[in-house]
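Asker: One-letter residues, chain by chain:
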Amino acid sequence: AEETMYVPIPSYRVGPYAAGGTGYFGGILDYYNLLNARGGIGGVKLIWSECETEYSVERGVECYKRLKDREGGAVFFDPLSVGISTALIETGRADKMPIIAVNHGKTAGQRGDIFPYYFMPGINTYDEHSIMVHYIGGLEGGMENLKGKKIAMLFHGSPYGREAIAFMDSMCEKHGCSHEAIEVPHPGNEQQSQWLKIRKSKPDYVLLRGWGVMNPVAMQTAKRMGFPVSRLIGNIWSNSDEDVIPAGGAANGYQAITTHPAGTDFKVVQDIIADVYGAGKGDLQDKSRLGSVYWNLGVLAGVVHTEALRIAQERFGNRALSSSETRWGFENLVLTAERIEELGATGLVPELNLNCMDHVGGHLAKFQQWDANARQWNIVSDWIEGDVELSQSIIDAGAEKYAADNNIEPRPCSADSNDDDFDL
Amino acid sequence: MAFFLEVLVGGLLSGVMYSLVAIGFVLIYKSSGVFNFAQGTMLLLAALTFVSMTERQVDFKIAFIITLVMMVVLGIIVERTVMRPLANQSLLSLFMATVGLNYFLEGLAQGVWDSAVHGLELGISNDPIFLIDEFPALGLDIIISQFDIAAAVIAGTMILGLTLFFQYTRTGLSLRAVSDDHMAAMAVGIPLNRIWAIVWAVTGVICLIAGLLWGDRVSVSFTLTAAVLKGLPVILIGGLTSIPGAIVGGLIIGASEKLGEIYLAELFGGQGIEHWWAYTTALIFLMIRPTGIFGEKQIERV
Amino acid sequence: MNMSTESKKPLLVLDDISLSFKGVKAITDISFNVYEGEICSVIGPNGAGKSSMLNVINGVYIPQEGTITFDGKQFNKMKPHTAAVMGIARTFQNIALFKGMSVLDNIMSGRNLMMKATFWETALNIGRAKREEMEHRLEVEKIIEFLGLQSIRKTPVASLPYGLQKRVELGRALAAEPKMLLLDEPMAGMTMEEKLDMSCFIQEVNRNLGTTIVLIEHDMGVVMDISDHVVVLDYGKKIGDGPPSEVMNNQDVIDAYLGVSH
Amino acid sequence: MSNETPILSIKNIEVVYSRVISALHGVSIDVQKGEIVSLLGANGSGKTTTCKAVSRLLEAERGEISKGSIEYNGQDISQMTPFDMVKSGVVQVLEGRHIFGHLTVEENLLTGSFIRNADSVEVKQDLEHVYERFTRIKDRRKNLGGLCSGGEQQMVAMGRAMMARPNLILLDEPSMGLAPQLIEEIFEIVKALNEQDGVSFLVSEQNANIALKYAKVGYIIENGRVVLKGSAKELSESDSVKDMYMGGGGEDVSFSDVKYYHRRKPCIV
Amino acid sequence: MYYREAGRLVKSFASDRRMLPLMEDRWIVIAFLAFMYIVVTATASDYLFSAILIPMMVLGVATLGLNIATGYTGQLSLGTAGFMCFGAFAAFNLVLRLEMYLPFAFFFAGVIAGLVGIVFGLPALRIKGFYLIVSTLAAQFFAEWVFNAYPWFLDNNSSGVVALPPHHYKVFLGQESTPFNAVFWHSYQGRYLITLTITLLLVLACKNMVRSATGRNWMAVRDMDIAANVIGISVAKTKLMAFFISTFYCGVAGAMYAYCYIGNLDFMIFNLRRSFLIMFMVIVGGLGSILGSFLGAIFVYGWPILITRMGDWIFGGGTLDTAFVENNSKIVVGTIIIVLLIREPGGFAALWLTTKKKLRSWPFAN
Ligand SMILES: Nc1ncnc2c1ncn2[C@@H]1O[C@H](COP(=O)(O)OP(=O)(O)OP(=O)(O)O)[C@@H](O)[C@H]1O
Ligand SMILES: Nc1ncnc2c1ncn2[C@@H]1O[C@H](COP(=O)(O)OP(=O)(O)OP(=O)(O)O)[C@@H](O)[C@H]1O
Ligand SMILES: [Mg+2]
Ligand SMILES: [Mg+2]
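Residue numbers (this note's numbering), protein chains in the order written: chain G, 1 to 424; chain S, 1 to 302; chain F, 1 to 262; chain L, 1 to 269; chain B, 1 to 366.
Hints were generated in silico from the structure; no laboratory data involved.
Don't take every hint at face value.
Computed cross-link-like contacts, DSSO-like style, restricted to lysine-lysine with a CA-CA straight-line distance of at most 30 Å [unchecked claim]:
hint: 1; chain 1: S; residue 1: Lys297; chain 2: B; residue 2: Lys356
hint: 2; chain 1: L; residue 1: Lys138; chain 2: F; residue 2: Lys237
hint: 3; chain 1: G; residue 1: Lys287; chain 2: S; residue 2: Lys297
hint: 4; chain 1: S; residue 1: Lys297; chain 2: F; residue 2: Lys73
hint: 5; chain 1: F; residue 1: Lys237; chain 2: L; residue 2: Lys142
hint: 6; chain 1: L; residue 1: Lys142; chain 2: F; residue 2: Lys25
hint: 7; chain 1: F; residue 1: Lys154; chain 2: B; residue 2: Lys207
hint: 8; chain 1: B; residue 1: Lys128; chain 2: F; residue 2: Lys25
hint: 9; chain 1: F; residue 1: Lys179; chain 2: F; residue 2: Lys99
hint: 10; chain 1: L; residue 1: Lys142; chain 2: L; residue 2: Lys124
hint: 11; chain 1: B; residue 1: Lys357; chain 2: F; residue 2: Lys237
With the hints as constraints, model all of the structure from the sequences given.
Answerer: Dropping the structure here:
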């Protein structure tokens, strides 16, 4: 029979977070279908099955356990959930299963010597926030102008939301701005008091570190309270179409960070529309969501996944891979501008360079601004790089504490040991 | 001072939004003794149906009427299939049935429509009113949301109407009788089924109105069901059986929530305490009056 | 029965009790004694305040004025728990059984006060918990036998007919081995046959165990026949107090309660 | 008996609860127009069940008539709802009063009149009528029903039924918990309603003395079967009835000398 | 199976009070336990252990906890997951800071959760019925808030999720590296056995309580608190006790959830939705039934898994739209709850008893 590789798809298509789940996993599957139509990866086709997690850790873990041994064994697991992916760090290590968390995840997991099976390609929380501060600096005409500026961060009342507080404090300390963190209790469908606080302290910018319904409500409340939306700047989980469309006119001029621009003006996207949707195999029911931020993120993730597989095949041969071989692929994942061009994803996918010490590898993002009348995002900046220096020490401390707590011997990251299919 | 006033006014106005959810609860409880947990999902279903139609270019009025009819029909179906067979059962059973209904509707709403986030604009202006600009004489630098005022007017009208209805009409009295003792109500010839059908249908309408206002305010998505959690402390403070209680409870919770979040949260290192603070406020009131401010006293005679 | 009441020692003394609900006077300045070992009947028209009186005695209602002396101890207000500890048990006008429990468990729960095991012991079913359960079961079986409830001991009480429920309720009260038993219309809604049974139980308890009984009853036949002492209430006031024969001939009582001579 | 069709005719009905517990096994009862019929029986014999079968309240208790039929004014009622029954003039006064605790006494009474769609003047008159008969509850008209004493509640329940101006009242144990004077009073009211307004009654009672005094016809029901029927006079003279329901010797039964043997008879379970 | 109790005389109170008066029942239970301990341990797959058996037992314990408050004592509670959260965090901190052995940590986690339960149960002394929801929901939100707001509880971990490290899995004396302890960390069998044993002990204790004075007091308070008060049961004490024990169970369940099942600590998994799911389990299983608690947990937890598996099996993996399956399983569970309430308010437990009754008189219909 034809050789295949099996990918479990732990999607969430119902419940409070369905908007993200349908877009992201839809994008992944559409890209997989495109590759399969073109003959797969090194001649090996991808097969998959879905499992609904409803974004719940328990369901996600159950899905993982149910699917990991199917069809000769899964090659990696990408649940798009901080909770699920973090919950699986140790299980993944024991099962030699790469756990993927694109653009998010446990930040300390960047240290591949301590978290060999955990990958968070793209950017991490600290990159994200340093890029946002740099961007504001740009808007103000230079980082030096940040002095004396006031930045408020409206964050989702969860560990995800809180994670950036300390970092923002150090970032502002470094650049002389002042920082105030304001919590919005989950789910965030009522923000009157938070915005009253903002009205009182009158910050120059408000960073929105939101999630789900909290985002449109923030924009609408900003409007109601007379705060200019153009000074509200969204983070990586507040940057989707689903965040701004519900806010209607209130979202006009809202800006947000992104690793992958929205829109369909990319060759790879056009190919998907022609070959996959043309053949009636598309995953999205609502075709207007093609080119939306979440869906494009899914395409990006699809590129990352399959490039990792391709790179692993370069080393292990054009055949179906095992999960630990796939791990090698992820760890040596390099996406150069040329390769991105070949993939037809220029402008969509950032350059990536993962290695044993850095399981993030990107640290780049752009900014986009919402035009409510045209209902589209416009890119308003070039790639900006995160303050890797500042974040590294925090990441090291976290990872080393983790290693000590869990009796983990960091693996040496020299070039050759990196090649080994090592044991725990 | 101005800031305090602004917080207070904002709180009171957003409290009215909670009252909107609470009214539906009270209506059903008052007339059938059922603590309807499916309220939030009914709200979602109404808003979702409406928005799915307007997104498909259906005219606003037509969409409203279709949704209205649908909610009424839903109310009648619920009465037929859930409430009627459970007449005369314990209140706990009835409550649990609505929990089941909630699950059912949750699956249904998302299955028929989808689980995406939709925007909804009713055309009520979102722009704030700056009092200092409008009435410089007052000298208060306060902003008031036009939207909230509109919502408050709608809620106030509904509450006034329902209160009058319950106190002064025959049907109102029948509703209260039914909630007291199903068996006796049947024995004096109160048509239980018709009464319940009316109540559930009216609740459906309230859900639609609340769903639209909430939908405009926070967008229409699954999270709308969380509105219920805001409504709960409100009705409990006001008293499960009191319609005016729903509005008073809403005002209290709204104000206390905002004031607490702004002035009290400092005690907890600036953490958002809104969620449990609303419930704590409710708890404090209940410790003083165990059946809410306007709730009927529980009658226990031996 | 023939003994003069003076020679007996009062077990319960009610002194100037007044009780009102939001201005509605349910009981006004009532005083009377219940003597040790007697059957004292409280009669009066509906709404006269009889049940309220019982509720005052065992602390369900707290009177605004007056004192209660039970067994030599004086209280301004009784608490239900204190009343139970002091040996007052009762039944209710509208049966107040524990509907979800079996007959046996209902009666066993009447002995609650005598069970000393901590919940650790009961959780592990060791020591006192195990022993007590057996000992008390023995006593309860005696009551079951006495009331003729053997065949239904494991039946949930909710499914029993009214008359049997009343009997179970009596059993639960008896299980506490009370000094004084308050019975609120134990024979309401019964056939003559069943009334006879019930009065037989009441008298046997009174005679054999020496339990003092306060009885509210509307059946004059029963009241006349079995009580030693009758107290008559009307509109919250006491209008008669004395031996049955005397009370029955009191014109006030006839007017207020009995109507045409019976 | 008369040749007229009876107002109520219960024909050999059997009733089961929850599909398994059989409560009536063949009960036939006729109530003629303008007649008071009393239904006697011990606890659990099936009196309430019979009444509920007529008022159609049985379904709410998970009971159903598995056999036989009931006719009201010659019409089969098996398809009627409780509402239809009240509308057509059959009202049940429930055992255990069942008044609306959170409604005032007056509101309780008013609920009884809704079925008639009467205008407010008429309703006022009816209210006065009820208060005339039950003076005691007139003082309590503004009190919550739930806080009334047992007897007061019974009066409210009776009054509420009267407000519907029924043709047939199913009266379930009206004497329970009432003072002797009041029992007489209630039965006098029954008599008055019967004679003046022509209301028929089916009265279920334990208290045979009083029930047979006012009724024309009596039925004795035991363990779900009619074991005896006859005119009130016949019944009150029958030995077995005296023995079981009137305390053996009729008038001068003594409760103080009850002997143990009384209880040795098979228990009614 | 065919068995009967007629004709067997109960000769002593002791034998009447036995947990399982019928010999057949006793044999069945013994056989069942032997099966769970020996056959299952020896043969089940890791998936079965870790994704099916352990969570079902743990959720069963939580359901039992809720059942003690709601089913037995009549106090409605929507804070179950919150109480589990307190238990889980208590266990974590006990192990982390006091280096407690796991079984002790579970026990004291239960006690700490129980104390929290008493605090939130206090309003029950004054508030009744649905109004009590406020207090238990406050507990739920407070739990979600406190463990979010104070990362200290999570060993100052910034991401909010902690993978429970191996050295926490000390079951008895000795370090985690000793073979005995290592079994419990490295193998699902070990965790399964711990879970099974704790569950069994808790079930036994609960059974003992409900058939003794403690349980009678609970039910008395549930059925009629005034009457309970009059016969000398202290309503306040009984309610608080019930809250304590109920939340003790929830707390232990929470600790087991973290340690035996997920292997992580994260307050987000103990959210309001979980409270509701546990309430479904109680309803479906049957109020006031120990067996029902577990049947409910098995059904509500297992149903979506079963339905997806069936979908996979019928349509082949991947073709069945997961959203469709999910929505339908909700519709079905909702329908089942309503139908059960109408047809059999006692839930699965009552259904089981009826079946058993029928078996007893089989083949003679009654
Ligand atoms: N909790 C209460 N709140 C308000 N009023 C009450 C309360 N309990 C009793 N009452 C009133 O007090 C009066 C006396 O009631 P009680 O129940 O003591 O009468 P009773 O003599 O037992 O009558 P019955 O023979 O009908 O049972 C009644 O008018 C009743 O309405
Ligand atoms: N809802 C019910 N479910 C099951 N069985 C019932 C139900 N109601 C009554 N029964 C049973 O039906 C039989 C007849 O009861 P019914 O209430 O009609 O008797 P009754 O003559 O009115 O007695 P009482 O004098 O106690 O009121 C009894 O054995 C009773 O246990
Ligand atoms: Mg009384
Ligand atoms: Mg009856």
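Asker: If a hint holds in the structure, say so; if it doesn't, say that too.
Answerer: Quick rundown of the hints versus the structure:
| no. | hint | result |
| --- | --- | --- |
| 1 | Lys297(S) <-> Lys356(B) | 43 Å, violated |
| 2 | Lys138(L) <-> Lys237(F) | 20 Å, holds |
| 3 | Lys287(G) <-> Lys297(S) | 56 Å, violated |
| 4 | Lys297(S) <-> Lys73(F) | 34 Å, violated |
| 5 | Lys237(F) <-> Lys142(L) | 22 Å, holds |
| 6 | Lys142(L) <-> Lys25(F) | 15 Å, holds |
| 7 | Lys154(F) <-> Lys207(B) | 17 Å, holds |
| 8 | Lys128(B) <-> Lys25(F) | 28 Å, holds |
| 9 | Lys179(F) <-> Lys99(F) | 26 Å, holds |
| 10 | Lys142(L) <-> Lys124(L) | 15 Å, holds |
| 11 | Lys357(B) <-> Lys237(F) | 56 Å, violated |
Consistency with the previously given hints fails for numbers 1, 3, 4 and 11, ordered from lowest to highest.
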